[in-house]
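A.B. asks: Fit chain to chain and form the complex, with the hints in mind.
Here the protein sequences line up with chains A and Z, keeping their order.
Numbering-wise (our numbering), the first sequence opens with residue 1 and increments by one.
Numbering-wise (our numbering), the second sequence opens with residue 1 and increments by one.
Wrong hints could be hidden among the right ones.
[Said to hold, decoys possible] Computed beta-carbon distance windows for the label pairs:
1. Z:Ser30 / A:Ala40: 13 to 23 Å
2. A:Ile25 / Z:Ala139: 18 to 28 Å
3. Z:Ala139 / A:Arg51: 18 to 28 Å
[Claimed, not checked] Every beta carbon over 10 Å from chain Z, so not counted as near; a handful from chain A, in silico:
4. Ser20
5. Tyr22
6. Ile25
7. Arg30
8. Gln32
9. Pro33
10. Glu35
11. Ile36
12. Thr37
13. Pro39
14. Ala40
15. Gln42
16. Arg51
17. Gly100
18. Thr101
19. Gln105
Just so you know, the hints here were simulated from the structure itself, not pulled from any lab data.
Values in this document were obtained by computation on a predicted structure and should not be read as measured data.
Where a beta carbon is used, it is the ideal one built from N, C-alpha and C, also for glycine.
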Amino acid sequence: MRRILFISLFLPLTVAAEDSVYSLIISEHRFQPAEITIPAGQKIKLLVENRDPTPEEFESHSLNREKVIAGKSKATIYIGPLSTGRYNFEGEFNPKTAQGTIIVQ
Amino acid sequence: MLATAIIIFREVLEAALIIGILAAATRAISGSRRWLAAGVLAGLIGSALVAVSTDAIGELANGIGQELFNAIVLGIAVLMLAWHNIWMSSHGKALAVNASAMGKDIRDGRSECSALFLIVGLAVLREGSESVLFLYGIAASEEGGQSAMLLGGLTGALAGVVVGYGIYAGLLRLPVRWFFSATSALVLLLAASMASQSAHYLIQADLLPGIASPLWDTSSVLPEQSALGMVLHTLIGYDSNPAGMQLVFYIAALVAIGMGMYLAGEQRNVQKSA
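Excised from the complex, chain Z in its bound form (with noise of 0.2 Å):
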């Protein structure tokens, strides 16, 4: 039951984190709870789906398909997170200062509702395919003991769901003059950690080479599998043997993302003193 726990709980808590962040960062644009918990249902719905059509996705490119799937879903969300990020550089901050700010982009704060929604969908979606996947397994094993089985699952499920939850409610105990940059530096991190799993993809279906890999090796130091492995895999892209390529992809979504946000600001700021 305990081992479980903890595989629904790895993957529970990714996903959790991720719409934590996400939670807090939105919190004042009105309609984002309804948004979120649409992507939340949408990427369990997909979910299923995914986990049905393994077997299809995994034999599409010659194999190669579900490596190609995984990348391409990051990809979008790297995207998603990057317009999220320079769309709120230039609203974010009247917006967490003063939430009535927003009527008069009201349009805007649709996109960046619908953008908040892919985003939440597509991180349900990579890992509520795997936990279905697995449980799926479970039911199906003719061992006995699925009830205990199940109930671990529910039990790792829930502690990530908390995990997820205690992110979101530590940002907003922030203050309102932090709150804006600890938001927008996550989910900058939170970005360039998965395009840099976008890579590690590419390069396990062969499409990018790995230049060194791995480029460093603290697997004895900081292994993955441990809890703090785990959160920082996550919240900062923490990977115990990357390839270079990885960390390529990292910085460059570190840097354009940075950019677009900085000329966001400024552009803000230059309309403010016209």
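This is chain A alone, in the form it adopts within the complex (with noise of 0.2 Å):
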């Protein structure tokens, strides 16, 4: 309970600032587009559509993101604020052909 108050605490400041949104696709166990360039120091929403019927785990460890998207669905992976450089992602159940790369400048 105490938890959930203190949760509560941050959802204003969260909430109050607007996203810039991204579009990523995974389409025969690749990323497309394999590179996205983000500016930096700013926090962006991407919207991963997973368009193989099999599911899909976006990983990043640079990024310290991961999240399953199941086969045909779509999910939202907040991003940032990050510094300029480049992260790697990668699709962990194809690893062979799914990886990516963040770009931020």
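C.D. replies: So this is what it looks like as structure tokens:
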């Protein structure tokens, strides 16, 4: 209960800012586009659409993100704010083909 | 096949380490084995259910249902681990030395077993549902070679169980006077590690600010995907580039549970000397 109260303290803070939205498609176990460029120091919303019938896990240790996306479904992942650099991500269930990079400028 | 083995190993390892530590910590409590097995079974059934409803869970709360689900599961596990450790501080030393002390505490022992059931069930649930989804993906793919990959999955799962059993057997070899402190410390760190992971999901869902993120970046020194990185991630909550808020949760859990253990231990000493 205390934790819920604690979280609700921050809600007004996080809802206030308008986030820019980027879209990412998973198709045939590949990310399209494989590179996404975003501005530094800004939080963005990544809309991932999995067009494959099989599930995929979006995973990135450098971005500190992991999320399972069911087959034929969409998911939202918040990223950043980040400092400039290259951040790799992969589809953990198909790491051979599902590779991508977020470039922060 | 090797790639499949590694992925399943990673999923199974976390649950196996948690089960290994708890199995050791509760070895003197009568009936704990049955509850542990029931927890694993319930967790496996739950995994299949969660895997089937991934889509529905994901769509809850405007697309952050999965993060909320994980954060809540981890949050409950943290509370149960806290309860376990505080309970052990007031009963555990007697148990570790003399199993027959259990008799008069049989009712407390039962609630301890329910906590054990929940912790194990939730650990299996979280890691298991991802494994189920992954294996489903393989089974559904049209590329062929499924049997080799499923064999890989089985190998990975077995390897994870072996490591879990290893930590269990290792803990049992400890001299009695260290055993209690060692298992308590491991459970305390597990709880803090889960609190940090819970914060990680809430940050990902944009419900909590990350504060400074990353707080540090040690991915080039000790990557989280490495074997040591994976083990440390589960045991002490190692994160190669955590958000500041994760550390806040980590330390808060350490301090809160540590205090509870200390106070429970004090109370026991007072009762004994009275």
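A.B. asks: Broken hints, numbered, in rising order?
C.D. replies: Structure breaks hint 1 only.
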